[in-house]
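**Q** Quick one: dock chain against chain with the hints and give me the complex.
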Amino acid sequence: MVERAPLLDLCAHLLLILALAALCLPVWLALVAASLPLEEAARVPLPLLPGDRLLENLAAAWQRAELGRALLNSTVMAAGIAAGKIALAVLSAFALVYFRLRLRWLAFWGIFISLMLPVEVRIVPTYEVVANVLVPVYALAGWLGLGPALAAEGAGGGAKVSLLNSYGGLIVPLTASATATFLFRQVFLSVPEELTEAALVDGCRPSAFLWLVLLPLSRTNIAALFIVLFVWSWNQYLWPLLVVTDPAYDTAVVAVTRLMPSMDALPRWNETMAAALLAMAPPVLVVLVFQRAFVQGLIEQDR
Amino acid sequence: MSKRVTFRSRLLPWFLLAPQLLVLLLFFFWPAGQAIVQALFMVEPFSGELQWVGLLNFEQLFQSSAYRQAILVTIVFCAATAALAMFLGLFLAVLVDRVVRGRTVYRTLAIWPYAVAPAIAGALFLFLLDPAMGVLAFALRQGLGLAWDPSLDATHATILVVLAAAWKQVAYNFVFFLAGLQAIPRILIEAAALDGAGPWQRSLRVILPLLSPTAFFLLVMNLVYAFFDTFGIVATTTEGGPGGATRILVFKVWEDGFVGLDLGSSAAQSVILMAIVVSLTVLQFRFLEKRVQYAG
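Residue numbers (the working numbering), protein chains in the order written: chain A, -4 to 298; chain B, 94 to 389.
Pulled out of the complex, with its shape left as it was, chain B reads as follows (with noise of 0.2 Å):
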């Protein structure tokens, strides 16, 4: 879609375009078509010559144990961490929308930690579940006489890495909610509270399905930040330990291209890394064309 009233000149706008295609080209999608050669293609060591290998890559990764934990590890990171950050989301959103006063002080106590790094996160939380020093992991040990130790427990591990990636996205679900909240028109509330409807049931049968696009839309944008931006949080926390437990595949890829140095299996991760986002990009996009039958 343009303008109907539009500027007459054939090269010019593609000069405006040229800077941003540029990048395009040399830094998306020459690296993209080299990720996809190389797990396609092996590089015979002394001329230099490619050979096609067909999807031995792919066959190797997943005959390998340690990318079927990676999928696993990843799977179940994934689905804990956007649960449990945008059911705090919603908590948080539910009440802030309820309360008149000291509003905005708690929106901004809310919204702020969306400001720190992952891998920012991740030292506090290691800081706060340290074995020998962590407040929480006293906490644990006094009150429940747990041996708390995420270098050594894999489901310790996988708590420290998930409660890292929640805590910091509470505060972007916390925004969308509540925005989806105020959006609800009030007409529709007065009227099922004159109905005779009470708080609970007008959450459940008014407000929650009236927010059901607003939580799909954040279920995505979670897996999608799950998924992708994380590395920083396993990075500074578990680098994948104890045993790969916290080895997500985002790791694994960086793992393997830039520690082991073994290529051919990274692209080849890559180009499911890149099917996955596609899937995800596909999924959002048949959402948002609901999401207009849904204002219409």
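Extracted from the complex, chain A is given alone in its bound form (with noise of 0.2 Å):
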């Protein structure tokens, strides 16, 4: 503060009182219609203030859209696209930095213009290599004149990898990541050449430097890109929309969605407000627990 004055503050608190009020207002009135009896969600205007239904619209919404398989189904997509981005960015950020490699360029500028590739802009071709992962398989070796019977076992439906409806559809395409593997590179280049030196000297192996040196190095950085591309997997929308077509592997952002009200039956926003509440906390609290790590995750993972 540069100097005083006690008016501006005051009207600055009450700006920010007022703007994040409203921020909240729309999750606010999601628990109030969750906390309420079907009736009197349906009442308008809406209550300000929740009832003490919370809990059997949770237990309602639970069932209904059969969240608590849902809530798994997220934890272990998230979790398994988190850990595998970050894995994936580590082994490349090591090859390309701590390796003198013909072809650098190739590789640097591959994971490169994947930047500009998200998934939406190649949605249609994308699912039909989840759907058959042999597809690419089958059209090089037709192009090549490589077997003409392999590339006719294709045409024909012949031996079929299909990722749909499994947890290896959900997480693997999204596994690649530019972003995350320029920023470990990044780390890699501050870390001291005289590490390496005397790694070297020791004897030490690659794979040993890489586990004992540098991932302890990394650690907090590790942490915060973790808990950035959780919250992203788990509120991925488009994806699990496309590969999943049996209930059993919905996610809760899914499972959510179809408890909206439709135009047909009775809308109950209390349920469907519940659910929500449902399938948006656990990234909330990751956020609200780890919000230093999640700021400079954030932070860094665009830098």
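A portion of the hints provided could be inaccurate.
[As the list claims (entries may be wrong)] One-sided and incomplete, this derived list gives chain A residues near chain B with beta-carbon spacing under 7 Å:
hint: 1; residue: L24
hint: 2; residue: D47
hint: 3; residue: F89
hint: 4; residue: G105
hint: 5; residue: S109
hint: 6; residue: M111
hint: 7; residue: A171
hint: 8; residue: T174
hint: 9; residue: L190
hint: 10; residue: Y232
hint: 11; residue: L261
hint: 12; residue: R263
hint: 13; residue: P278
These aren't lab readings, by the way, just hints derived from the structure by calculation. Backbone N, C-alpha and C define an ideal beta-carbon position, used for all residues, glycine too.
**A** Laid out in structure tokens, this is it:
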């Protein structure tokens, strides 16, 4: 603070309280609706204070949307994508920084270009690959004239490896990450050369160096990035919607949207909002509990 | 760039790179290539052979009024979402930067909406603005006498999706603007104050110019977000309606591909979207170079 301006400070506090109340309003009203019996939740206007039926509505939503399974699926998917992205990124960054590599530019640009191909811009063909991972292999075999038998088998519905309706399909196609790779590259480049020299003198193998030196040194970066990626992965919607047709693999976010009121039925907003609260709780809690690491990860990731 | 001291092995680095490159080849490059091929060729229905059709798919796209409408809708939606989210983020950041007491509480309250999924943000706002039961819709009706109905009125539907999209993104902008504000050297602000600049003048003449790199970076990130991450919001609220008034490009590419099963058109749309991401990325990296100059 440069000068004392009590009036201005008071204004700032008032404005902040107003603005943040407005920002929290949608979730507050969801909480209110989720805590009322159906007749009251349907009253216009909605009461502004919560009722006492929160647990009942949560239980009803839990059952109707099969949220137990959905939350488990979301946890597996989010943790899997976050861990996968970090693992692949650490390995790639290690290879790019600590080895003299022919065709390094090829690997580097390959990873870089993936920044420009978010899943939204290549939905249909990506779905085709996930539906049968062998499609590219057959097509390549066909082009190269390698074994026309193999190509024919591809056209005639031979061997098929489908990732639809599986954790693999939810997780693996999203595990490449250019931003994470570049983040770890940056981290590794800032590690002193003397450490590598000492390790080489001691006859340290690359794997041991990665495991015993680099990973402990980048622990805070890994933790921060994991939190950001976990939240991002949990909130994915388009990809799970495409890959999953079997409700057994529905994620929490998708399960909530299945509870959205439709035209022909009586809207049960109290249960829909209860489900929404349950589905948003895990990432929100993660952000609240690890706020410092989350902010660090968010800012670092886009550097 | 790599280390001066390196490990010596020819094969190991490629083994290390293999998992990421494999995922990229299978799920990024192959599909992207397929999109280009499907946009330029047509698959013969019976023989399965590819037939060159050139830019036919693109011509048809730009001739269709639905696609031209989607472009317009996307521009309006992205501009409105980015402007609203950035303005509110900056507003909150300036206030939090100013207050001393309760700063951590305010900060926490401003950050957490980032963790809400776009699809769920859509559900929350659909409830808030439901013409029959929504609290905001009720307030609009009683206060302004407005016959609010996003399922019939194009403007109302647009406001609904923009509000939901911006609401979720305010937190992101807040985090970066606050970091930007706190990175401004105190000495500059104190010097300006000594020269007699009041809070307003300091904000306009010192702080805003120093914040402009952050603002530009955020502009690109917000546009990317509004373009590509808002599918869930449209899907849970308006489904592109009424009459295509909220059918943004990403929603249309999904609709044509998976509902309409028009592969050629969907692929051509994918190629156009790729061109948009490429230009946004280039914009971002040109800016990164500039930022280095600011710092130096």
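**Q** Can you give the numbers of the hints that this structure goes against, from lowest to highest?
**A** Hint check: 2, 8, 9, 11, 12 fail, others pass.
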